[in-house]
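For the record, the sequence lines run as chains D and L. Read in order, the letters of the first sequence are residues 6 to 328 in the numbering used here. Read in order, the letters of the second sequence are residues 631 to 857 in the numbering used here.
Hints are computed from structural coordinates only; laboratory data are not their basis.
Beyond 12 Å from chain D on every Cβ pair, some chain L residues (computed):
id: 1; residue: Asp633
id: 2; residue: Val654
id: 3; residue: Val662
id: 4; residue: Leu665
id: 5; residue: Ile670
id: 6; residue: Thr759
id: 7; residue: Ser839
id: 8; residue: Tyr844
Footprint (simulated), chain L over chain D, 3 or more residues, beta carbon under 8 Å:
id: 9; segment: 63 to 72
id: 10; segment: 172 to 184
id: 11; segment: 262 to 270
Each computed DSS-like pair below joins lysine-lysine, with the alpha-carbon atoms no more than 27 Å apart:
id: 12; chain 1: D; residue 1: Lys27; chain 2: L; residue 2: Lys716
id: 13; chain 1: L; residue 1: Lys801; chain 2: D; residue 2: Lys55
id: 14; chain 1: L; residue 1: Lys836; chain 2: L; residue 2: Lys801
id: 15; chain 1: D; residue 1: Lys27; chain 2: D; residue 2: Lys55
Cβ coordinates follow ideal geometry from the N, Cα and C atoms, glycine included.
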Amino acid sequence: MRQRDFENRYRDSWAQLDAWLKGAGKNVDAATLDLPAAYRNLCQQLAVAKERQYTSRLIDHLNQLVMAAHHRVYRQQTLRRRGWLHYLLAGFPQAVRANGRTVALASALFLLPALVMGIGTYNNDALVYAVMSPKDVLSLESMYDPGNRVLGRERGSDTDLAMFGFYIKNNIGIAFRTFAGGILFGLGSIFFLVFNGVYLGAVFGHITRVGFVFTLYPFVIGHGAFELTAIVLAGAAGLLLGRSLVDPGQHRRSVALRLASIEAMKILYGTFLMLVIAAFLEAFWSSSAATPISIKLGVGGLLWLLVFAYFSLAGRGEVTGEN
Amino acid sequence: MLDTTYNVETPEGIDLHARAAGPVPRILAYAVDVLYRTLILAALGIGLAFADTAGIGIWLVCSFLLEWFYPVFFEVLRGGQTPGKKAFGLMVVNDNLTPIAWGASLVRNLLRFADFLPFAYATGVIAMTLGRHFQRLGDLAAGTLVVYREADKAPVTLPDSTPLPPPRNLKQQDQQALISLFERHNDLSEARQQELANLLEPITQKRDSAALGYLRSVASWLLGGRD
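Please put together the full structure from these sequences, using the hints given.
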């Protein structure tokens with residue numbers, strides 16, 4: 006068959022498919038076209054055109070059409086209807102438990118430096134200056150000084166909102182960086198985990214040493230349940246990426262990295278949510294001066310319990326990897 | 631070897647091909663995106679200046695969203711093209727040339743931070759130039775690549791010419807050469823086309839416009855034209 010006859014025979018079906026692809030999802034015509042069948046026919050026609058060495062213009066045109074249809078046919082549907090609910094109730098804690106060893110490693114990388122630094126600064130008042138400038142230490146002290154408390158913490162709801170924005174940008178940014186650094190053979194995640202551990206350890210040790218415990222602990226206990234866990238989890242997700250490069254196992258490194266990133270994202274979605282919750286708590290709950298310390302400590306303790314119960318219990322009844 | 635074509639065989643046995651985009655157009659596209667983001671933030675800043683301290687909070691949340699999710703939003707919902715990529719005819723696709731979904735887009739954009747290190751996307755550019763398909767670290771982890779989006783070519787209108795059968799059977803190559811000369815009549819100057827047609831003078835015994843007209847007629851016949 007000559008090219009012109011070939012084009013004449015199929016021109017209408019190509020035009021129809023092209024029109025459908027361009028306007029798909031909008032007009033009612035969408036139902037009139039059997040996409041898989043049209044796509045298979047088109048593939049066959051492209052193969053025939055190539056085999057018969059028709060002109061490159063026709064082949065390019067068909068190739069573009071095939072590509073557009075291919076996009077439509079193989080569009081990935083990741084959001085299933087009950088996907089999100091299932092993820093929150095079971096998928097997220099299951100993913101964390103499935104990577105328990107990595108999470109434990111991330112926790113150790115965060116907590117051990119924090120512990121060492123905390124004990125160190127508690128016993129030695131010079132050590133805090135190893136991580137912070139004297140100016141920072143002063144502003145830190147004044148922040149948690151019980152004498153300042155009434156002045157510093159009596160703030161309007163508009164300030165709460167400003168602080169919320171700050172916590173979102175700053176804290177979630179830190180978590181994302183902790184994760185992203187993991188692709189550098191895990192080094193970035195390790196750095197951020199240790200660095201945050203050292204810094205927070207120093208803050209806690211120093212403030213405890215100075216004696217402002219009744220302002221610091223009630224403030225941090227509530228959102229800390231979500232924020233500290235989330236930082237550790239983001240670090241664990243990053244370590245997963247790093248491990249896939251250091252020890253790819255049976256796969257090629259590129260494949261191992263791909264698989265690890267899918268696994269890591271299962272953890273990271275939930276981590277993001279936890280950080281948003283943490284920012285809410287930190288801005289609107291932890292900072293409120295009106296709430297008595299005992300209630301804050303009680304609720305804070307309850308939140309910690311809740312977080313741990315969630316990760317150890319949620320989704321246990323279900324078979325893992327169900328979908 | 632510098633060959634940027636990227637081929638994928640679909641389950642239907644068809645080879646799809648695309649051209650991977652190198653660092654330069656991607657950097658330019660990124661610069662455009664940065665410009666847009668800055669403009670949006672500046673506009674928001676002016677608008678929210680009236681909202682006082684609460685405005686600062688909203689502005690910070692917006693800047694957070696723009697920093698991390700601006701590309702994700704466009705890549706997933708606008709066919710793999712941020713405004714910058716659109717300006718340069720680029721698009722992000724999975725490495726099997728299917729459209730990118732939330733998971734892959736998030737991975738490649740969160741890992742932007744690692745690509746940025748230690749400054750100005752140095753790691754990303756090095757990774758791009760080392761790989762065959764210009765993938766930065768985020769692309770490698772997400773299994774994505776940035777390709778040129780081929781523009782729809784308008785179908786060519788071929789000049790009218792009465793189809794004439796070739797004097798004897800032509801080889802496939804020769805047929806294609808004649809047909810492409812016919813199809814490219816818009817891209818080449820008339821003089822150049824005649825010059826090319828004159829190369830066949832020993833066979834056609836014609837020169838200049840007559841030769842070109844004759845070759846066009848033959849090409850038209852080869853394409854299936856009949857009186």
